[in-house]
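J.: So you can see what is in the structure, the chains are spelled out below.
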Amino acid sequence: MAKGICILRQVVDPLGRIRVTGRRVERDAATFVLEPMDRFALEQGLRLRERGQLTELLGLAVGPLRTQTAVRAGLALGLDRGTLIDAEYDLSPIEAAGMLGVEVESEEPAVVLLGGREGEWDSTALGPALAEVLGWPHVDWVTELTMQGDRVLATHEGEEGMEVLDLPLPVVVTTQQGVGEPRRPSLAGVVAAAGKEVRMKVHPSVGGGKKEGGVRLRVLSEELYVPERLGVTLTGDPQEVAMELLGRLRRDPRLS
Amino acid sequence: MILLVAHSREGRLLPESLQAITAARSLSEAFGAPLRAVLLGADTVRVAQELTQFVPHVYVASHAKLARFCSEPWTAVVCQVARASGAEAVVIPGVRSGLSYAPRVAVRLGMPLMDEVVELRRVGRDLSARRAAFLARVNQWVATQGLSSVITTKVDAFPEALSTGVGKVEAVEPRLRPEDMRVVLNPGFDAREDPISRTGARPNQGGGLRTIVAGGRGVGGSEGFRRFVEPLARALAGAVGATRPPVDEGWRPFVDQIGQTGRTVAPDLYVALGISGAAQHVCGITHSRVVVAINRDAGAPIFRHSDYGVVGDLEEVVPSLLRVIQAAGSPFRSEELTEAPALDGGTEP
Numbered sequence: 001m002a003k004g005i006c007i008l009r010q011v012v013d014p015l016g017r018i019r020v021t022g023r024r025v026e027r028d029a030a031t032f033v034l035e036p037m038d039r040f041a042l043e044q045g046l047r048l049r050e051r052g053q054l055t056e057l058l059g060l061a062v063g064p065l066r067t068q069t070a071v072r073a074g075l076a077l078g079l080d081r082g083t084l085i086d087a088e089y090d091l092s093p094i095e096a097a098g099m100l101g102v103e104v105e106s107e108e109p110a111v112v113l114l115g116g117r118e119g120e121w122d123s124t125a126l127g128p129a130l131a132e133v134l135g136w137p138h139v140d141w142v143t144e145l146t147m148q149g150d151r152v153l154a155t156h157e158g159e160e161g162m163e164v165l166d167l168p169l170p171v172v173v174t175t176q177q178g179v180g181e182p183r184r185p186s187l188a189g190v191v192a193a194a195g196k197e198v199r200m201k202v203h204p205s206v207g208g209g210k211k212e213g214g215v216r217l218r219v220l221s222e223e224l225y226v227p228e229r230l231g232v233t234l235t236g237d238p239q240e241v242a243m244e245l246l247g248r249l250r251r252d253p254r255l256s
Numbered sequence: 257m258i259l260l261v262a263h264s265r266e267g268r269l270l271p272e273s274l275q276a277i278t279a280a281r282s283l284s285e286a287f288g289a290p291l292r293a294v295l296l297g298a299d300t301v302r303v304a305q306e307l308t309q310f311v312p313h314v315y316v317a318s319h320a321k322l323a324r325f326c327s328e329p330w331t332a333v334v335c336q337v338a339r340a341s342g343a344e345a346v347v348i349p350g351v352r353s354g355l356s357y358a359p360r361v362a363v364r365l366g367m368p369l370m371d372e373v374v375e376l377r378r379v380g381r382d383l384s385a386r387r388a389a390f391l392a393r394v395n396q397w398v399a400t401q402g403l404s405s406v407i408t409t410k411v412d413a414f415p416e417a418l419s420t421g422v423g424k425v426e427a428v429e430p431r432l433r434p435e436d437m438r439v440v441l442n443p444g445f446d447a448r449e450d451p452i453s454r455t456g457a458r459p460n461q462g463g464g465l466r467t468i469v470a471g472g473r474g475v476g477g478s479e480g481f482r483r484f485v486e487p488l489a490r491a492l493a494g495a496v497g498a499t500r501p502p503v504d505e506g507w508r509p510f511v512d513q514i515g516q517t518g519r520t521v522a523p524d525l526y527v528a529l530g531i532s533g534a535a536q537h538v539c540g541i542t543h544s545r546v547v548v549a550i551n552r553d554a555g556a557p558i559f560r561h562s563d564y565g566v567v568g569d570l571e572e573v574v575p576s577l578l579r580v581i582q583a584a585g586s587p588f589r590s591e592e593l594t595e596a597p598a599l600d601g602g603t604e605p
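If you're matching them up, the sequences are chains G and R in order. For the first sequence, the numbering used here assigns the number 1 to the initial residue and increments by one for each residue that follows. For the second sequence, the numbering used here assigns the number 257 to the initial residue and increments by one for each residue that follows.
Same shape as in the complex, but just chain R (with noise of 0.2 angstroms):
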């Protein structure tokens, strides 16, 4: 049996756990396994619902406790299930709560770990899975013995898994230890209040055609985003994402960031503003389907990694950008700007 663990938010499925869902079928057709699921939370009547639309069988797991994501009990809960349903593959996806207890679930279940991989094979008997590694310049294909495994999937990796049809729901008891409640999250808020502080916007949510623009530490600061980085992503149905340093320095939430400490990326286009191309930021575009760079720095790498380069000041080029693209009416052709989906990310509000 295969075990996939759903993750929610604000009571719908996140589009990583329909891409899990992908690699799981694959899995269970591979290797003739039944496909099960878990849904952990508090309040989990409707995922759950719109969970049994895409797998056969779903464990629910609520718990008051589990109303926030924390490792830990989530650690303890999947692998209670794990343990009491058989499973022999637990498949997460990779968003980033996600690869924060899978490695737990694998030591805890003496399993090893595939993490974010990208495709998964069956060969003879054994599961072999491609990933990347050394900062997504090389891939790698990685085996165990038979099916044994738990696996995270890259984010974006996957297509999002079509609905099949109604499954029936399974009520867990979620077994808590205080060890695995040791951890107290936001300390000083009550329930009611967020303690999260959401400042950005997610980039590249969402199907069709799909736009990053990027901006680093050329563009200046965060007046240079509002100036070329949002308005460009806007007239391009895009989304804004950023480095690191734009983020350590504040101009930008780190929820926009690119590469190696922050998000992965595949979008169709991809725009790299005041980009220099460091190695840790390329790692996490390598995968976008056109990448253009404008950069007043002839030499700076990320002309190395795009597709087409602009040597040139921010100030000239994108205010020129925006003016054609104005002009045309649309980006691309009128009926791709009809189909383009609303973006949440990217647009001041």
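Chain G with its partners taken away, still in its complex shape (with noise of 0.2 angstroms):
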């Protein structure tokens, strides 16, 4: 009875506008989806249930109330259930990953699946870090991940080329994209999403306001940061084109 759990994180939609007032992104007013890159990691998962390779597959969040959407978007895609950790919108990838780790550890899972990158941090490190908590394995990057017993094979995107990993269960994934594009959910799966439980856990270190695990960091303000373009368009005949774009490239000062 192998088991996984897959991490949903919620985020301000990448396509999406994004305002900022009282220097901090203004997060009321955002649409918000479930992070591209968790897609990837769900879509791993389902396809290992769907070898057989796994026989239960969960969704996990941490965030506000309006992170059930996320959770919800994984259950209409094909989760068994769903449990949301009420917490405050901006913990860091390590103060997420203490509070995830309670609960990994307390459903016993063989495999923790989540996007290599999350958009709304940009940030690698939950997945580490929750490994560490776990005191389990990890491996980043994955593109293949075949389960064999006790132990995992991943093919995974080092820095110089693929290499593959052969690690012991349980085990923290991290995937790449392009593990297949991740599927869309369908009508009779968001019907019967609508009739699975979202679990909300309050994790017992958010009671007392304290966070464990020492000092926290601080977000002290945010800005959008808009890299001023020219956006000079040309159009007409290629080979003036090519003239007009080549004399601007050499005349511009910032080139020089």
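Hint data in this document are derived by calculation from the structure and do not stem from the laboratory. Warning: the hint list may mix true and false statements.
[Claimed, not checked] With a straight-line cut-off of 20 angstroms between C-alpha atoms, the simulated EDC-like cross-links for lysine to aspartate or glutamate are:
id	chain 1	residue 1	chain 2	residue 2
1	R	Lys-321	G	Asp-166
2	G	Lys-201	G	Asp-86
3	G	Lys-3	G	Glu-160
4	G	Lys-196	G	Glu-103
5	G	Lys-3	G	Glu-159
6	G	Lys-196	G	Glu-107
7	R	Lys-321	G	Glu-160
8	R	Lys-321	G	Glu-159
9	G	Lys-201	G	Glu-107
Assembly of the complex is requested from the two constituent chains, each provided in isolation within its own frame, with the hints serving as guidance.
T.: Dropping the structure here:
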């Protein structure tokens, strides 16, 4: 009975507009989506279950109440059940790992899956931090995963090229994009998800307002970064456009 | 004390290690804390020598099991040295391997993690850092209490450090427990073989006027990379990059990939061919100095992120560009051509 857990992160829609008020990104008016990179991990999990290598696949999230919609999105794609740990929104990956770790331990899964990089903190830290909290091995940038008995073989995109890692279960796996296009929810899936329960958990360390694990990282300020671009558009005869482009690059003071 | 972890490849420090040294030195000055470095590996003599030119005190942890990078033994040894030396902050280059174990070090040492910082500042008694968030659309300042933190430095955010003299080397005996060695790298390969399938060149190495020519789905296939992306990269003395779809399709190796799940680059000139401009790609190029986009689709989002956008077919625009560059003798002024570095990416052997 091998169980898998998919971590579901809710992020501000990467395609949507971002507003900043009071030196913080405005979250009340933002649209949120399930982190696109976590969808690749979820796809990997669903395939493992379809191949019979996992018998149950759960969704686990940490965040404010609105994060429920991310868990529901996972349920609509085929997760068996979902849990949300109620917490404030700007947890650092290290803090989130501490809170997720407690819940993961109680479920005793063989594998925890999540996307390689999350686009709100712009960070790869959650996977390895969670593995450390659990005392488990971790493999990142995985494009292929096969479970064999009590071990797992993972193909990973390392700094210099593809490598294969052989790890003992239980294990934390962070996935690369492109392990196959993530599936879209079916109508039947959405209907079924409405009947599935999202279990709410309150982390013991949240009640008192203090986090365990020593010093907290504080976010001081956030401001929009918009690189100034000239936005010049060139159209017309290719030869003339090419001459014009090269001329402009030569005269561009930023390239001299 | 500030502990820098040096990463190397083939007997040389990585440029990203030299960048991290710059960041660590600035911390050392701001907090009046001495800087030391640790080097891990199996064959460390040459790199240790090189490292002492930048850092006055170098710990060397040499062990056969450290010949190849693996996050668990690395975590164990870095924490061992950090504890024994009383490190208040640990600085790690934000390359893929560094990012894969820095969070473990932070959790194990009970320190906050400041990952992929681009600027460090002392504010009162505390350390504050600037980093990118929201797919590089937001600059975020974070702070910790005092100096205590594990820091990874964003690739290409800090200049490479200059050599300062000759420091000393102190050997450390790595203590590796069985649980640090439970991951088997490349099972079935013996030590003499190279288990890594190296199929590509890395973009954007070296100094000078740095150019990257990258292709997206609109390039049409590996043939399109050969016909458009590679020749233009050669003509501009640049390297080749790609978005994720060409990597997924097997047109390019993933080491060429730029974006959220690939590399972040900051060249002087970035040329995007057939790239639509998805947020997951654009976040990897926002610090490029000048961005040129060539795309058939006038509505492609990439044009909103470009200085110069050419709406046109690669079949027509790229050959024209190549002719114009060839006629001019060089892409830019001729004196720049003599200074242009030989980049190791982008050209077929």
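J.: Compare the structure with each hint and give your call.
T.: Status of the hints after comparison with the structure:
In summary, the hint linking R:Lys-321 to G:Asp-166 is supported, as the alpha carbons are separated by about 16 angstroms, within the 20 angstroms threshold. Straight-line distance between C-alpha atoms of G:Lys-201 and G:Asp-86 comes to about 6 angstroms, which keeps the hinted pair within the 20 angstroms bound. Only pairs whose Cα atoms come within 20 angstroms are accepted, and G:Lys-3 paired with G:Glu-160 is rejected, the gap being roughly 33 angstroms. With a C-alpha separation of about 19 angstroms, the suggested pair G:Lys-196 and G:Glu-103 falls inside the 20 angstroms cut-off, and the hint holds.
The suggested pairing of G:Lys-3 with G:Glu-159 is violated, with an alpha-carbon distance near 31 angstroms, which exceeds 20 angstroms. Of the supplied pair hints, the one linking G:Lys-196 and G:Glu-107 holds, its CA atoms being roughly 18 angstroms apart against a limit of 20 angstroms. Annotation: proposed proximity of R:Lys-321 to G:Glu-160 holds, straight-line Cα distance about 19 angstroms (limit 20 angstroms). Distance check on the hinted pair: R:Lys-321 and G:Glu-159 sit about 18 angstroms apart at the alpha-carbon level, within 20 angstroms; holds.
A C-alpha spacing of about 13 angstroms is found between G:Lys-201 and G:Glu-107, which places the hinted pair at or below 20 angstroms, so the restraint holds.
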